[in-house]
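Asker: This is what each chain is made of:
Number of protein chains: 2
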Amino acid sequence: MKFCNVCGHGVDLRVPPDDHLERHVCGHCGNIQYLNPKAIVGIVPEAEDGRVLMCRRNIEPRLGLWTFPAGFMELGETSGDGAAREAREEAQAEVEPLELIAVINVPYVSQVYLIHRGRLRGTHFGPTAESSEVRLMSEGEIPWDDIAFPTIWHSLKFFFEDRRRGRYETHSLDLKYRPRPPQRAEISGGNI
Amino acid sequence: MKFCNVCGHGVDLRVPPDDHLERHVCGHCGNIQYLNPKAIVGIVPEAEDGRVLMCRRNIEPRLGLWTFPAGFMELGETSGDGAAREAREEAQAEVEPLELIAVINVPYVSQVYLIHRGRLRGTHFGPTAESSEVRLMSEGEIPWDDIAFPTIWHSLKFFFEDRRRGRYETHSLDLKYRPRPPQRAEISGGNI
Ligand SMILES: [Zn+2]
Ligand SMILES: [Zn+2]
Numbered sequence: 171m172k173f174c175n176v177c178g179h180g181v182d183l184r185v186p187p188d189d190h191l192e193r194h195v196c197g198h199c200g201n202i203q204y205l206n207p208k209a210i211v212g213i214v215p216e217a218e219d220g221r222v223l224m225c226r227r228n229i230e231p232r233l234g235l236w237t238f239p240a241g242f243m244e245l246g247e248t249s250g251d252g253a254a255r256e257a258r259e260e261a262q263a264e265v266e267p268l269e270l271i272a273v274i275n276v277p278y279v280s281q282v283y284l285i286h287r288g289r290l291r292g293t294h295f296g297p298t299a300e301s302s303e304v305r306l307m308s309e310g311e312i313p314w315d316d317i318a319f320p321t322i323w324h325s326l327k328f329f330f331e332d333r334r335r336g337r338y339e340t341h342s343l344d345l346k347y348r349p350r351p352p353q354r355a356e357i358s359g360g361n362i
Numbered sequence: 171m172k173f174c175n176v177c178g179h180g181v182d183l184r185v186p187p188d189d190h191l192e193r194h195v196c197g198h199c200g201n202i203q204y205l206n207p208k209a210i211v212g213i214v215p216e217a218e219d220g221r222v223l224m225c226r227r228n229i230e231p232r233l234g235l236w237t238f239p240a241g242f243m244e245l246g247e248t249s250g251d252g253a254a255r256e257a258r259e260e261a262q263a264e265v266e267p268l269e270l271i272a273v274i275n276v277p278y279v280s281q282v283y284l285i286h287r288g289r290l291r292g293t294h295f296g297p298t299a300e301s302s303e304v305r306l307m308s309e310g311e312i313p314w315d316d317i318a319f320p321t322i323w324h325s326l327k328f329f330f331e332d333r334r335r336g337r338y339e340t341h342s343l344d345l346k347y348r349p350r351p352p353q354r355a356e357i358s359g360g361n362i
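Chains A and B, in that order, give the protein sequences.
Residue numbering for the first sequence follows the working numbering, beginning at 171 and increasing consecutively.
Residue numbering for the second sequence follows the working numbering, beginning at 171 and increasing consecutively.
Do not rely on the hints blindly, as some may be mistaken.
Note: identical chains are not told apart, hence a pair may lie in one copy or across any two.
In silico lysine-lysine, BS3-like type, Cα no more than 27 angstroms apart, as pairs [stated by the list, open to error]:
| id | residue 1 | residue 2 |
| --- | --- | --- |
| 1 | 327 | 172 |
| 2 | 346 | 172 |
| 3 | 172 | 208 |
| 4 | 208 | 346 |
No lab work stands behind these hints: they were computed from the structure.
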């Protein structure tokens, strides 16, 4: 970030008056460009038979690994709205957002995940530019070793545990350390 | 947002390839400047005697009204870290962050509130540039009609209800409609 997005002049990194952290400050127009953590919204879509809708990533990072629909929250939407939008965009699926089941801080990438469970409406879903494959899976079919991100793995665990005991609640988790990138041999269970 | 913060050239508002919303796109270097919702972190600091630490706002908006410590989440922190930081900055207080007690979507300002309860450490606290007055208050002393924001009001209600029943959980709420700005006569209970 080198230029002011209001006036186009160069910005400096310095601590503004009444602040305590360095910000990108424009010496020409005075604009301050803040960088903020991003919210990721996601949803675990449950079909009538109890299976959940999973997507195989067709994009980097973690191309080829599995997730439920999730992505950056957009301006003007709630976490539930955003989660349902992601299901449409990534899986062609209409999903009614229900309880917030997980809030996961990921400070090493400055992200907060807000994960809902949802009810899959109808039977239509399918691949998209972001998902090479979209499938309904029972708990036993979830590819636990091929899940794209730790946040997704933990959210799925919360979902299935809560479903088993018959009560959903919002789980909180801080993932404070960046996981070591999984090695291919580990991901495949050592079969390579 | 008129200029690219990477190269300083003018940006256009258009839908990038593989996207579905208008973004600020630089025709010169290709950079896309996304606008994202912001996370607000806050904390209800509880003293040993059960009173909670409240701050009278010394800044706009809602100058003179009451809140607990809360503010924009910063890069690289968890919601709990950030909530504790706000307590130091706004109330000179050391607070240990505990459970997440509220997640509140406020889509009309593109914000998500993440509110923790916390344990006030020691007995030191006091006014700051942001808070003209900082006070410990029992539930009966909370100025419910002079609370700065609906998110703060709801979070306090959740906190006291959960404390009464002896179990804290994470409450979710969507505030979908902008409240009508309170009139002075209403705030003071009609005494003016
Ligand atoms: Zn400027
Ligand atoms: Zn550019």
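Asker: All hints, please: hold or fail.
Answerer: Checked hints:
1. 327 / 172: neither (42 angstroms within a copy, 44 angstroms between copies)
2. 346 / 172: neither (30 angstroms within a copy, 36 angstroms between copies)
3. 172 / 208: both (21 angstroms within a copy, 22 angstroms between copies)
4. 208 / 346: both (16 angstroms within a copy, 20 angstroms between copies)
This entry does not satisfy hints 1, 2, going by the numbered hints stated previously.
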